[in-house]
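S.K.: Heads up: the sequence lines are chains F and E, in that order. 1 is the number of the first residue of the first sequence in our numbering; add one for each residue after it. 1 is the number of the first residue of the second sequence in our numbering; add one for each residue after it.
It should be emphasised that the hints constitute simulated quantities derived from the structure, not laboratory data. These numbers come from a predicted model, not from an experiment. All C-beta atoms in this analysis are idealised placements derived from N, C-alpha and C, irrespective of residue type, glycine included. Treat the hints with care, since some could be wrong.
Just so you have them, the derived chain E footprint on chain F, three or more residues with Cβ under 8 Å [to be verified]:
#1 126-138
#2 218-225
Here are the computed distance ranges between Cβ atoms for each label pair [said to hold, decoys possible]:
#3 106/E x 176/F: 38 to 48 Å
#4 129/F x 3/E: 24 to 34 Å
#5 125/F x 116/E: 24 to 34 Å
#6 292/F x 146/E: 42 to 52 Å
#7 292/F x 128/E: 30 to 40 Å
#8 135/E x 331/F: 47 to 57 Å
#9 171/F x 80/E: 31 to 41 Å
#10 175/F x 128/E: 49 to 59 Å
#11 175/F x 77/E: 36 to 46 Å
#12 117/E x 171/F: 38 to 48 Å
#13 200/F x 117/E: 21 to 31 Å
Derived SDA-like pairs: lysine to any residue, alpha-carbon spacing no greater than 20 Å straight-line [what the hints assert, rightly or not]:
#14 229/F x 106/E
#15 110/E x 125/E
#16 229/F x 56/E
#17 119/E x 214/F
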Amino acid sequence: MTDLSKEEGAGEQFAQFEPVSRGPLAVLQRFLHANPTMVPFIVLVLSAAVFGLIAPNFFSAFNLSLIMQQVAIVGTLAAAQSLVILTAGIDLSVAAVMVMISVIMGRLSVDFGVPVPLAILVGMVCGLITGAINGLLVTLVRLPPFITTLGTWNVFLALNYYFSGRETIRSQTLDAEAPLLKLFGERFEIGGAVLTWGVVLMIVVFLVLWYVLQYTAWGRRVYAVGDDKEAAELAGIRTDRVLVSVYMVAGFIVALAAWSSIGRVGSVSPTSFFEANLQSITAVVIGGISLFGGRGSILGPMLGALIVGVFNSGLRLAGVEVLWQLFATGWLIILAVAIDQWIRKVSA
Amino acid sequence: MTAEPILKARNLVKRYGHVVALDRADFDLYPGEVLAVIGDNGAGKSTLIKALSGAIQVDSGEITLNGRPVNFASPLAARQAGIETVYQTLALSPALSITDNMFMGREIRKPGLLGRVFKMLDHAEMERQARRKLAELGLLTIQNINQAVETLSGGQRQGVAVARAVAFGSKVVFMDEPTAALGVKESRRVLDLIQDVRARGLPIVLISHNMPHVFEVADRIHIHRLGRRLCVINPKDYTMSDAVAFMTGAKEPPAEALAA
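This is chain F alone, in the form it adopts within the complex (with noise of 0.2 Å):
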């Protein structure tokens, strides 16, 4: 029997990987398939392109690090949410942690003399805590991540304004009193172009993130938990324990934004960022990564972010309406999901 099937040639028709002749738009379909970077990077190349040549000064070096500023916070907040999202969920809470977390090491430093480092320490445990909750609840409780965090976002968001009483810690106070929470905030220049701290932490995020999922059984389990849960069970992962993973790392990374945050706007304010939530998840939707878990890069999520400030930046210097940045931002995730359903349709 042996002898036969070896005799049959090694599988012709088995596992053959035939040269079947495929249409263009096949072809691209497959190549955006095995590199889901490619459509964010496109748009981003494009989108700049144009505006470059509408915007005046889009391409100043200015401008350029502006851009940069403007979407570190969102940008880091994103590679947390990317993180959910690749297992086929989502973190409604990630902007709320980030302010109630910002808070907490603004009061601790502020309010009751606790070293500044300390604080920070603590902020960083409250963002596993947290991570931990989200995870848990989704794990043992059996909740879906949807429901799970519209409901912790709603419980930091009353959190936060307890432990900030409602008041702002002014930027003087914290030049005094605090110096290292505005630490992501001090700006470096690189030839013209003005970077912070904050967006060098952004870009590390992602690239610690990439090696991870990349290059770590941890980041595989990742993307295997995202695909197919049940399969990946059967396959002796342990999904409960890859999820509450996911949810403290992703925890973690929304308290580094959560101190790059306050050098970004220079004070603690218990209301800001109120729309980074949404804002994160559109940069991970654009930047290619499925909501159904799974698929795409986790540099994406950068590109996405990049993206979306290409696009404001762009058509205010262009001097459209702010309205249109929003049209467009719409416009942009629903066809980055589009995309994202066509590429799925990829099989044999």
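Chain E: place on chain F using the hints.
M.R.: Leaving out everything else, chain E in the frame of chain F:
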């Protein structure tokens, strides 16, 4: 059969509410054989297989592997004991590559600092091993081992799932309806694959509805009825219609088969 069963179960009972899915069921798998498990829908054969592969836990009864009592709390525990299952759904992650899928849950890390500190995976080594396994099973015409599983045909996917099970299954491989979703040609290849695996000395438990396939590859046929083992027959001594008759209760099985 003179040898001792490699996997043996006695008096397995599993209830779901008022429904008794396993009613004092027995099971014997001998070294190096292909044992087919057949039964009507609802006879409890998938419950039996799930119990043996750790996917569910029985209410009472005893399972022994190589003579030692075992009690698998999860599929992972069964896998660690050397029992692999090719599920009907295959349990592959469609968007991940063939290599990623084969090593899912037991990835190989790079030696030295990169592996220990940075937890870096040894993609090259995993690819090498995956390629070797597929080649051993005559499946190496899959050229790009890094292509996503969803770009493979049904038979190719089945091949990847079987290769994974054989690569890691040291004692027993379960296959649940491996040909159910396949065309004629691809079914042929999977049946050949089953015989290849048997030739390598690994016993296989084949769950199937397809009588011609069962009669072609099985050494013995375990017929499951009403939550328990009705009889075990040798496919050379009985016809397919006999088997179906036993399975449905249309005909009483002979006494010597009952004893087996």
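S.K.: Each hint needs a verdict: does it hold in this structure or not?
M.R.: Evaluation of the provided hints:
no.	hint	result
1	126-138	violated (count 0)
2	218-225	holds (count 5)
3	106/E x 176/F: 38 to 48 Å	violated (55 Å)
4	129/F x 3/E: 24 to 34 Å	violated (56 Å)
5	125/F x 116/E: 24 to 34 Å	holds (26 Å)
6	292/F x 146/E: 42 to 52 Å	violated (22 Å)
7	292/F x 128/E: 30 to 40 Å	holds (33 Å)
8	135/E x 331/F: 47 to 57 Å	holds (49 Å)
9	171/F x 80/E: 31 to 41 Å	violated (58 Å)
10	175/F x 128/E: 49 to 59 Å	holds (58 Å)
11	175/F x 77/E: 36 to 46 Å	violated (58 Å)
12	117/E x 171/F: 38 to 48 Å	holds (40 Å)
13	200/F x 117/E: 21 to 31 Å	holds (23 Å)
14	229/F x 106/E	holds (17 Å)
15	110/E x 125/E	holds (9 Å)
16	229/F x 56/E	holds (18 Å)
17	119/E x 214/F	holds (11 Å)
The structure does not agree with the numbered hints 1, 3, 4, 6, 9, 11 stated previously, though it agrees with the rest.
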